[in-house]
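These protein sequences, in sequence, are chains A and B.
Start counting the first sequence at 1; every next residue gets the next number (my numbering).
Start counting the second sequence at 1; every next residue gets the next number (my numbering).
Watch out, some of these pointers could steer you wrong.
As the list claims (entries may be wrong) - Simulated DEER-style distance windows between Cβ atoms:
# : chain 1 : residue 1 : chain 2 : residue 2 : range
1 : B       : D338      : A       : R45       : 49 to 59 Å
2 : A       : R156      : B       : Q256      : 28 to 38 Å
3 : A       : N98       : B       : F204      : 48 to 58 Å
4 : B       : P303      : A       : D24       : 12 to 22 Å
5 : A       : S198      : B       : G351      : 49 to 59 Å
6 : A       : R156      : B       : G351      : 44 to 54 Å
Said to hold, decoys possible - What the simulated footprint calls covered on chain A by chain B, stretch by stretch (three residues with Cβ under 8 Å from a Cβ of chain B suffice, anywhere in the stretch; the number is not a length):
# : segment
7 : 83-89
8 : 205-211
Unchecked claim - Distance condition first, Cα-Cα at most 16 Å in a straight line; then the derived EDC-like pairs of lysine to aspartate or glutamate:
#  : chain 1 : residue 1 : chain 2 : residue 2
9  : A       : K192      : A       : E157
10 : A       : K192      : A       : E179
11 : A       : K107      : A       : E133
12 : A       : K107      : B       : E195
13 : B       : K255      : A       : D201
14 : A       : K192      : A       : E133
It should be emphasised that the hints constitute simulated quantities derived from the structure, not laboratory data.
Using N, Cα and C, we set each Cβ at its ideal position, and we do this for glycine too.
Here are the chains, one letter per residue:
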Amino acid sequence: MRVVIAEDLSLLRDGLIRLLTANDFDVVDAVDTGPRLAEALRQHRPDVAVVDVRLPPTLTDEGLRVAIAARREQPGLPVLILSQYVEQLYARELLSDNAGGVGYLLKDRIADVDQFVDAVRRVAAGGTAMDAEVISQLLSRHRADRPIGQLTPREREVLELMAEGRSNAAIAGRLFVTEKAIGKHINNIFGKLGLAQSEDDNRRVMAVLAFLQADPR
Amino acid sequence: MTEQVPASAVGPGSRLGLRQGGRALAGLGLNLFTGFVGLFFLLMAGIGLVTAIAGVGLPILYEALLGIRRLTRLQRRWAGQLSGRPLASPYVGGLDRGMFASLRAAALDPATWRDIGWLALQPLVALALGLVPLALLISAYSIFDSAMGNGPAQDMLGLVLISALVAATWWLLPWLTAAQCAFSRWLLSPSSRTELTERVSQLFASRADAVDAQSVELRRIERDLHDGAQARLVALAMDLGLAEKAIDENPAIAKQLVSASRASAQQALADLRGLVRGIHPPVLADRGLAGAIEAAALLCPVPIRLDIIIPARPEPPVESALYFAAAEALTNLAKHSDATRGWIRLRYLDGALRLVIGDDGRGGAALQPAGTDDSGGLAGIGRRLAAFDGRLEVVSPVGGPTEVIMELPCASSSPKT
Ligand SMILES: Nc1ncnc2c1ncn2[C@@H]1O[C@H](COP(=O)(O)OP(=O)(O)OP(=O)(O)O)[C@@H](O)[C@H]1O
Ligand SMILES: [Mg+2]
């Protein structure tokens, strides 16, 4: 799997290269500025790009902007954004093209190598990987008396993991229950939230994220 | 900078309705009144001064001064109302600290001497200005009296002349009023020196506040670092040291210690994240005030309608002051208001940024809730804005709606391109 990395701190860049190479990724390019990232994405058309939000020369959200622009050029180009902070505004912008193949994770998550590699693979396959903090921020906007409040604690757990972009099997593994039980929970969740079920995993995640991002009322 | 002049103001170029015309005429009359009452007080003050040597004059002088101040206050209020721009009181202190002290203070206050100048000139000015319409109207009347009734041709001519004179009076009125107001403003509103003194003491207070707030903030950061990230890094280093020792004999324990250190590292990161967000939220640097406010509104459990139009990014300190103000107002909205919707409006107008954060909730917000100190979030915003010469206003009748209005002067938000 061919991957482009964009990270300006060499310490982290080298770490990422080592980590991904050790997990059978082929790091075709590792760049350290926004303009170089744009060039690398155009030139290599990687299977997935792992991008630091903040890149020179502006040291603002350069990485995010370049990634979003690149996805406009190459729709569905899988991009995983890494950041020291999560910002709902950025999550929203990343998801707004509804194309899937996006991820937005705190840099801390790299520490859990298996989870992180899993997230990169998921994004490369057109899925999503949203940080748990993005999801919990979204949930905390919804008041207890609204549809979200009608979920049982277990359903809420399942919802959170699903919104992060995990598969039924992964959720089942995390919660130590069967996949069938998870399927039932998901049915209930969709019923309570008034969302149409979808066979396609990715579409399902998008529907949940859209629900969570909508204005609470 | 254009000033907002209320519709009731009378001035050159304003179209005179019957109401304003009446007010202008009454004003000219009032001028004559204050002019002559003023003369009386002036005389009284003079007598007081002359007899002061005998000791009996001082109370007379004091009473005269009280009268003068009352009179000038009346004049100020009226000139402020008519011109639509209030006249501030120019005095350094009131006359309410005992006769001797008050007299001393008044003698040292330049505004007192300007008052006396006004007293001397006002009758002349009022007479001159009042005579103009009077003369015009009297000549109109004398035409009516002498020329009318001598045949249709003369009547016609007389009518035209009379209407011309009345029209001229009407047309002149706003100018006369403006002249009178300008005269009052010249002598009765604070001199630039008083204004400067006032300004300096204001700046002094707000600077002290800002310095205070800053050192409190620095202490908070130091404490947060000390108890948070630093402590966690110490724990992490200890765990790693133990793991290093254990790794050969007891790999299982070493593994446990390593994963504990990972948890410490992540917790330290989370602490630092929170701290940095409180100092300078990255989204503010990335997207400026508009983007950062949008981002903050996204976290609010109440849907917020955004209406933000600013021509350019303000300077960073202004941006950050307004951002934290907005964040506090949004937190309050989520915490106290019980609203179903909120709104945020940000504009750049007349050299100032104006930010309004409103909600349709229960209202009753107060800057300093009764019975508590002023350590609440809103009071904090007020202090922070004051350091930039800004202003905070909370309009929140019980039952709502609430609007928190913040204004910050800011030059560099004007279009640069
Ligand atoms: N949008 C609002 N609607 C209704 N009441 C409000 C609103 N905002 C503030 N208030 C009221 O005004 C009071 C003062 O607010 P302030 O932010 O100064 O203090 P606080 O929010 O109680 O404390 P702190 O900000 O320190 O956490 C609040 O206690 C609350 O009762
Ligand atoms: Mg508050």
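Consistency of the hints with the structure:
no.: 1; hint: D338(B) to R45(A): 49 to 59 Å; verdict: 52 Å, holds
no.: 2; hint: R156(A) to Q256(B): 28 to 38 Å; verdict: 30 Å, holds
no.: 3; hint: N98(A) to F204(B): 48 to 58 Å; verdict: 57 Å, holds
no.: 4; hint: P303(B) to D24(A): 12 to 22 Å; verdict: 46 Å, violated
no.: 5; hint: S198(A) to G351(B): 49 to 59 Å; verdict: 54 Å, holds
no.: 6; hint: R156(A) to G351(B): 44 to 54 Å; verdict: 50 Å, holds
no.: 7; hint: 83-89; verdict: holds (count 5)
no.: 8; hint: 205-211; verdict: violated (count 0)
no.: 9; hint: K192(A) to E157(A); verdict: 15 Å, holds
no.: 10; hint: K192(A) to E179(A); verdict: 20 Å, violated
no.: 11; hint: K107(A) to E133(A); verdict: 12 Å, holds
no.: 12; hint: K107(A) to E195(B); verdict: 55 Å, violated
no.: 13; hint: K255(B) to D201(A); verdict: 36 Å, violated
no.: 14; hint: K192(A) to E133(A); verdict: 23 Å, violated
Against the hints set out earlier in the document, violations occur for numbers 4, 8, 10, 12, 13, 14.
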